[in-house]
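Engineer: Please put together the full structure from these sequences, using the hints given.
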Amino acid sequence: MIEVRNMAFSYRRKQVLRDVSFVVSPGEIVSVVGANGAGKTTLLRVLATLAVPDSGTVMVDGQDALARPLRYRRQMGYLPERPALYEDMTVKEYLRYRAALKGEPVKRIRRRVNEAADLCQVSHLLRTPIGSLSAGLSKRVALADALLLRPRVLLLDDFLSDLDTAMRDAAGEVLSNAAAFSSVIVTGHEIDDFARWTTRFLVLRDGVIASSVDATGIDVAELRERVDAVIGGDER
Amino acid sequence: MSPVRVTFMRTVGVARGLFSTVFVIGGFLAVAALSFAYGLETAEGGRLPLPVVWASRVAPLLPALAALLAMDVWSDERMTGRVDALLSAAVRERDYVLGKFLGVWAMTMLAVAGFMVTSVASVWLCAPKALAGSDVCSFLLALLALALQTGAWCAVSVAMSALFSRPAAAACASIVVLVVLPRGLWEGVMILSEAGRRTVGTMPIDAHVIDFASGIVPVGSAAAYVAVAAVMLFVATKFVASYRFVGRGAFGLKVSTGVSVALSLVLCALTLLFLRKVNPVVDLTAAGASAALSPRTRSILADSGGGISITSFMPRNDPGFDSTARLLRMFRRESASVGGAGMQIRFVDPRWDIGAAERLVQNGAVENSVVFEKGRRMVSVPVDDDFGERACASAVRRITFPPQRRNVYWTVGHGEIGYDVYGPFGMSDIARDLAREGFLNHPIDLAASRSIPRDCALIVIAGAKDDFSRAEIGRVDSHLREGGRLLVLMSSTKTGGVVSMLPSWGIRPVDAPIMEAKTLTGTDVIVSDFTDHAISAPLKGSRIVLDRPVTFVPSAVAETGGSGADNIGFSAVAVVGPAAVAAAVERGVGGGGDLAVRPTRIVAVGDASFAMNGQLAARASANRDFFLNCAAYLSGADAHAFGGEGFDTLETGLDRAGRLRHLAWTAAFVPAAAVLLLALPVVRRRRRA
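Taken in sequence, the protein lines are chains R and B. At position 138 of the first sequence the residue is numbered 138 (this note's numbering), and the sequence of numbers has no breaks. If you count the second sequence from 1, you need to add 1000 to reach this note's numbering.
Since no wrong hints were added, every one of them can be taken at face value.
Examples of chain R residues toward chain B, derived with CB under 10 Å:
#1 Y78
#2 P80
#3 G103
Keep in mind that the hints were calculated from the coordinates and are not lab data. We put the beta carbon where it would ideally sit given N, CA and C, even for glycine.
Structural biologist: Structure below.
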């Protein structure tokens, strides 16, 4: 479980996040949506320890994550908004490299790589050089990287961009599987796609969580309407 | 697998897949080969052994190689955004930095080791003579020095790459920090600071390599490179950690990181100063390097005491500068290690240090020499073909300790110049110098003495105007037959009765005026031609001034090779045109002679006034040295030792075609082969992609 309390973040003179608090339980897939510049990416970068908050805490299973960042990063998988991979490597080499880097024992690396590749549907690409992959396929590889060690917190920034329709459709299954061991936080603008598998929407407006919308058991159209209403109707 | 190992392998793997790496290494091999070929050319006939030449030619290129290989290890990650993936993994920044550093270091050292193998192979193929006297140990020590330096350069380059987000900027910054700043600082010291110029000889970074390759391992310097590498890796770690310091909340972290970086740099500077002060030295020359000091030299140094100032009085661009500086450093270290005299080495470049050079010249030193000073005693050893360990050791011995108190007897009663007369026409100054050299001055009245005392080391007849009686001449003669020593300073106005004695010992004075163009007053003669005699060889390049000197020729005794078993060797010492104005004879040595018998030595100088107080004070000349050299030679002290047996000289034996072959092999074939070899896997990877 990840619990964010009173998080604030400012960059230069601009207050990007203000008093952000929420909890994501294991098995939950939370979609953070909002207009451009609302602070979605910043929120995930702070949670990925790539930026330092002005104030607030991040608790993972009751432990202060920011106080012990190394331990926290072992439990966290992060997919950046624009993942950059090593283009000279094949997919398999890359995933093996990442698994080794994250400290996975050598004898388990192969299994982890195969699991993650299967999960993200890139098994057939394992011998393909990353440089020859499309943006969408690269994103899948990056997602496999984030899922490699079955993290307890999974942070996916702008997850669905660059993915084709088939993969978007499959994303729900991927994330549902991931949610079996993770608390998943996703950002993006694809509310319709999110609505199919997300458990809750957090609507971010001007750095503040303006609304938390429970998505279970609600029609997609209604959900979109409610979320759009909070965002301000300018997001589609 | 540890993150360090994974990052290391990845760094090497990335570099292997880049054409830039191929061209950087190929370029390095080509430039290093050209530099080495040029170094071999200039070192030909010099005293620097092959490993030193090799290492000193490679070392200046390593900062650029490290900068180019390390420029994108971090900046590329930042530019592409991959740094987010790296920093979100549970890996410490220091592990990343260490892994990348090790990767760059390994590649750099592989290039250096590859160049060592190819350059040694090329020398072996083209100029095997040059390998004589070199051994594997020296090359390995040279490689160790380069590895230490490269470690520091790579750490700095990795730190610069972490600081700048553009590889080109990182490379430029590295080159500024590693090349422009230290070399600029050194050049600045050379140009602006007289005191700094005198204390710094060869640039320390280059000198360390030369010392290592010579088998003298300065542990302090080695530790300094390790310290620099450690601190720069710490700084690089902080730079990488600061990538996270985004947002106002990171202000405190930024400040604390800045403070820790500044403190680490200060600590590094203090460590370097401390290590420079302590700098213990491990002498591995016994392991096979060709630069070990001889036991005799070590013995002389061990017996020396007090403080000795050694001045290298030669231009820094002189081909012999580095080897001379290296020899002096070896003397200093050896003296310190055997508890001998404390040696302070200074460097006076006659082109720049005009004041200091003028002082040295006034004191009788000659340009292109090494000047040993202790108190008011000074010995100048010319850096010529005879320069080397033995010459320096003799100089140290001569200025450091008189071997024993030797008695000099000055004859009186024949109008001689008084050694105890303080006016301009006396010789009190030179007598005082003799006393400093360990001599005891005594008068001797040959008419009143039944014989010459047995403790007499030297008789000086200084400008006798009146004839010596037969009894007096007989006493001198019998003293000489027993291996006595005599210094005759001829009076130009009246030669005295001693003249009649000299021909039987091989010297015939000729009272013929010398017409010499080089004159100051019209009657005096400036002598600047000296033979290779022990007295005069150290004076080459300087001058002495004699007033109306008498000249000397070998007498019939000397010309016929002496009588009986004795050989008489006549040596012209100082020459004006064809005439000798000073001559020395030695009898009782040579082939078949009994070496246990003390040889007789006589030196005759055509003018007595050259050593008078007024003459010594009036003109800058080497008159004083000349007199003291005469006294030292006659009394048996080491005036000058010939030869420089301490060092082998580098002989490649290459003619023009051989040099071209060597150049073609090292600078063209090897780099081209290396580029092809390295490029193959890159092409394969690219094709696969």
